[in-house]
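Novice: As a plain string of letters, each chain reads:
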Amino acid sequence: MKKKFIKLMAFVLILSFVLGGCSQNSEEKTPVTDEKPTQTEADNKGEIKTDIVIATAVDFITMDPLDANDTLSGGLQRTMMEGLFGFDKDMKIIPLLAESYTANDNATEFTFKLKQGVKFSDGTDFNADAAIVNLKRMADQTLGLKRNSLFKMIANNEKIDDYTVKVTLNEPFGAFVNTLAHPAALMVSPKALDEYGKDVSQHPVGTGRYIFDTWSPGEQLVIKQNPDYWGGASEFTSVTFKPVTENGTRVAMLQSGDADFIFPVPSEQIASLEGNSNITVERRPSIVTRYITMNTKKKPFDDVKVRQALNYAIDKEAYAQIVYNGFAKTSSSLLAPNVQFYDAQKPYEYDVEKAKQLLAEAGYPNGFETKLWSSNTSTMIKATQFIKQQLAQVGVTVNVENMEVGTLEDKVTGYPVGTPGEESDIEMYVIGWSPSTGDADWGLRPLASTESAPPVSYNAAYYSNPVFDAAIQGALETADPDKRAEQYKIAQKQVWDDAPMLYLVVDDNTFAYNNKIEGITIIADGSMDLSGGKLVK
Amino acid sequence: MLRYIVKRILAVIPTLILISIFVFMFVRFIPGDPARRVAGPDATLEDVEMIRETLGLNKPVFEQYKDYILGLLHGDMGTSLKTKRAVTYEIGLRYMNTVTLTISSLVWSVIFGVLIGVFSGKNRSKWQDYAGMTFAVSGISLPSFWLGLMLIQIFSVKLKWLPTVGAEGFKSLILPSITLGASVAAIIARFTRSSIIEVMKEDYIRTAYAKGLKDKKVIWKHVFKNSMIPVVTVVGLQFGFLLGGSVVTESVFAYPGLGSLLIDSVNFRDYPMIQSLILIFSMNFVLINLIVDLIYAALNPEIKLQ
Chain A
1 MKKKFIKLMA FVLILSFVLG GCSQNSEEKT PVTDEKPTQT EADNKGEIKT DIVIATAVDF
61 ITMDPLDAND TLSGGLQRTM MEGLFGFDKD MKIIPLLAES YTANDNATEF TFKLKQGVKF
121 SDGTDFNADA AIVNLKRMAD QTLGLKRNSL FKMIANNEKI DDYTVKVTLN EPFGAFVNTL
181 AHPAALMVSP KALDEYGKDV SQHPVGTGRY IFDTWSPGEQ LVIKQNPDYW GGASEFTSVT
241 FKPVTENGTR VAMLQSGDAD FIFPVPSEQI ASLEGNSNIT VERRPSIVTR YITMNTKKKP
301 FDDVKVRQAL NYAIDKEAYA QIVYNGFAKT SSSLLAPNVQ FYDAQKPYEY DVEKAKQLLA
361 EAGYPNGFET KLWSSNTSTM IKATQFIKQQ LAQVGVTVNV ENMEVGTLED KVTGYPVGTP
421 GEESDIEMYV IGWSPSTGDA DWGLRPLAST ESAPPVSYNA AYYSNPVFDA AIQGALETAD
481 PDKRAEQYKI AQKQVWDDAP MLYLVVDDNT FAYNNKIEGI TIIADGSMDL SGGKLVK
Chain B
538 MLRYIVKRIL AVIPTLILIS IFVFMFVRFI PGDPARRVAG PDATLEDVEM IRETLGLNKP
598 VFEQYKDYIL GLLHGDMGTS LKTKRAVTYE IGLRYMNTVT LTISSLVWSV IFGVLIGVFS
658 GKNRSKWQDY AGMTFAVSGI SLPSFWLGLM LIQIFSVKLK WLPTVGAEGF KSLILPSITL
718 GASVAAIIAR FTRSSIIEVM KEDYIRTAYA KGLKDKKVIW KHVFKNSMIP VVTVVGLQFG
778 FLLGGSVVTE SVFAYPGLGS LLIDSVNFRD YPMIQSLILI FSMNFVLINL IVDLIYAALN
838 PEIKLQ
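Protein chains in written order, with this note's numbering: chain A, 1 to 537; chain B, 538 to 843.
In isolation and in its complexed conformation, chain A is listed as follows:
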């Protein structure tokens, strides 16, 4: 009897420990507002915080602009280095180290006027020679750097005078200025390239607002103010970036003041921050477009009616709510609205009846069975279950296969070049795309042009349409924005109406910061923009 009683007590003790912990957790969320004591403390001492800390989800990979393909590294490189062009907050192209440019009609010759009086942080002058050293490095396909192929169309660089450079391309490429706005085209000090060689990836030197300080991989990277920056020194004397994988920890860092800015803010944690008057949560649309490819070479997806039917069968608003906690907007083109030359299409409104009718017309009144591939992240597991449940409403049975990313890539791309879509195992595949140049070409060509079928690129729908292909090519053959816009309009309409994809949503980027700073933002491509960063006084 006594023994039983003690056992019971022990059980109650454990239970109270665990539950006590839980309730503490939920209590934690409400009173975060009263964080003022620390703030007044700082005020009393009269200190103005000029060193700030930013927590990110992943670590940086490299500081060599030409060798980086993650947006995070790209964004950080932009704080230390600048290209001829850059993006503003809305991914509109702005001139940075170039003052202006002219191009010939068929987009093969571009002449750039460079900004004068700019110096790299190691004292080297930025001029035509420095620009050419960099352009040559970009075009050199023997270096084996990840982004070299973006610049393979550069044929020749010519110095007209100390501040004018003429670049000749070996084929028309209307999106060239966009490519030069890409983080891969940041200008590195020629002296640093000489001195460090390949190790420039650990010692970046540019003309930017900040100068590289220290980097301890996995722990932190520090940049400090460039007092001689041509656009005026930054307000922050230093910025420390810390990779913090765990979502909850990042949020706690902002709450405790250990970080001033965090990105990304996981959507399920936003509510816990929004009540806090010392913290601002912001969301801005990204250029990540989410969709499901359907193998257009296989039955039943060879019929456009089937593909359109599935587009009608999914409630995209609900998808954004359930999968992204509302932090996403429904797609209105294969391009996200912040991508250049985006053109809104007529949405496939959620309509189960219409979907059923189209399926019946296509000869599948009772639906069919198919399989859906995706990665196995928690978001994708939620997404695929939602899709399965929605498509079941129109009689389509979906067998979900969530796979580890490497396995998934092997399944999608593990065929020799030129394998027809009929022979691929792929049917439906949920994926997303973020065109890092912010240009329509990179948002459309890799996803839907005939030449881009796997394994060459990412047209996993094996979509092939001559009108689309011609428009994409036509747009590249001119540098005239109006003509390009016209071609991309045609391409977007074609791929929307043919529906080789089931168009889902465009993600939001969410980030949060405390009231000591303002102006740091996440631009649509998912990279951090510190250029407007200020202290709140």
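These aren't lab readings, by the way, just hints derived from the structure by calculation. Quick caveat, the model's predicted, so the values are computed rather than measured. Built from N, CA and C at the ideal position, the CB exists for glycine as well. Be aware that a few hints might be false.
Okay, the calculated bits of chain B under chain A, using three or more residues with CB under 8 Å as the criterion [to be verified]:
1. 556-569
2. 576-583
3. 620-626
4. 690-699
Restraint ranges, calculated between C-beta atoms of paired labels, are given here [claimed, not checked]:
5. E353/A <-> F559/B: 54 to 60 Å
6. F559/B <-> G519/A: 52 to 58 Å
7. K299/A <-> N595/B: 34 to 40 Å
For this one, chain A is given, so just place chain B on it according to the hints.
Specialist: Below, chain B alone, put in the same frame as chain A:
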């Protein structure tokens, strides 16, 4: 003694060679193409092929293995496919962090675990026992990410006593060590308890009590020492595991250790990094086993090293 140690270390070499071959083969059997991972999510086939060549992944596997082993003999573990930095540099940065964290969690959890175990075992089926085992069960059952986040909420966000993340100085070690050590302390407590209970049944303990020795003396002089052998084994094993780094604790506290590095490398198919990490982990185990054997001999002179 010294001869024994040298012999044991030499005997390890064939094991390590076998491990290196297995790991080398296994990482290449996992589906997923490192060249594609390195090339990035929006690379074309052309980029991928170019990168495969620069990374030397298009060479025959046998040749790749030969290069790897020749490199190892020169102390060169290759270059990380992900960051292009030397593997020895990347591991070196994190190795001491992991060792520091492991030792600091192990020290408190061994002291705490053994004390709880001794009191629970000695007072079997009394309230001290139930209290101790309640602690032990909670220590094992509380998920460490939950415990870690809870500690951060209390000690960093609310009280602002300790930093949330980092690996600088003693203060930043406290929360991760508690989180990492909680389950180890619990395991040690349970092992100690059962071992104490076993030893208490022995004839010589009865004799010790019979000849009128005080309780304290019996427990600490006779029971404790004799019941430590299984505990030392467990501590050794835990030490080995912890030296492999803890993914969960490291990611909750953004602590730059080996666990997150391994997971990251597996996800990235960073072959040289995976190979080297596994090899190092194996060597850790081998060394720890050796130390454990030496401690056995010290604890019980009947155990001879041969």
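Novice: Take the hints in turn and mark each one as holding or not.
Specialist: The hints, checked one at a time:
With 3 residues having a beta carbon nearer than 8 Å to a beta carbon of chain A, the region 556-569 of chain B meets the requirement of three or more and the stated coverage holds. Judged by the Cβ-Cβ criterion of 8 Å, the region 576-583 of chain B is covered by chain A as claimed, because 8 of its residues qualify and three suffice. Coverage of the region 620-626 of chain B by chain A holds in this model, with 3 residues showing a Cβ closer than 8 Å to a Cβ of that chain against a need of three. By the rule of at least three residues with a Cβ nearer than 8 Å to a Cβ of chain A, the coverage given for the region 690-699 of chain B holds, with 6 such residues.
A hinted range of 54 to 60 Å for the beta carbons of E353/A and F559/B is consistent with their spacing of about 58 Å. Judged by the Cβ atoms, the range 52 to 58 Å given for F559/B and G519/A holds: they are separated by roughly 53 Å. In this structure the hint that K299/A and N595/B lie 34 to 40 Å apart at CB holds, the actual value being about 37 Å.
The structure agrees with every numbered hint stated previously.
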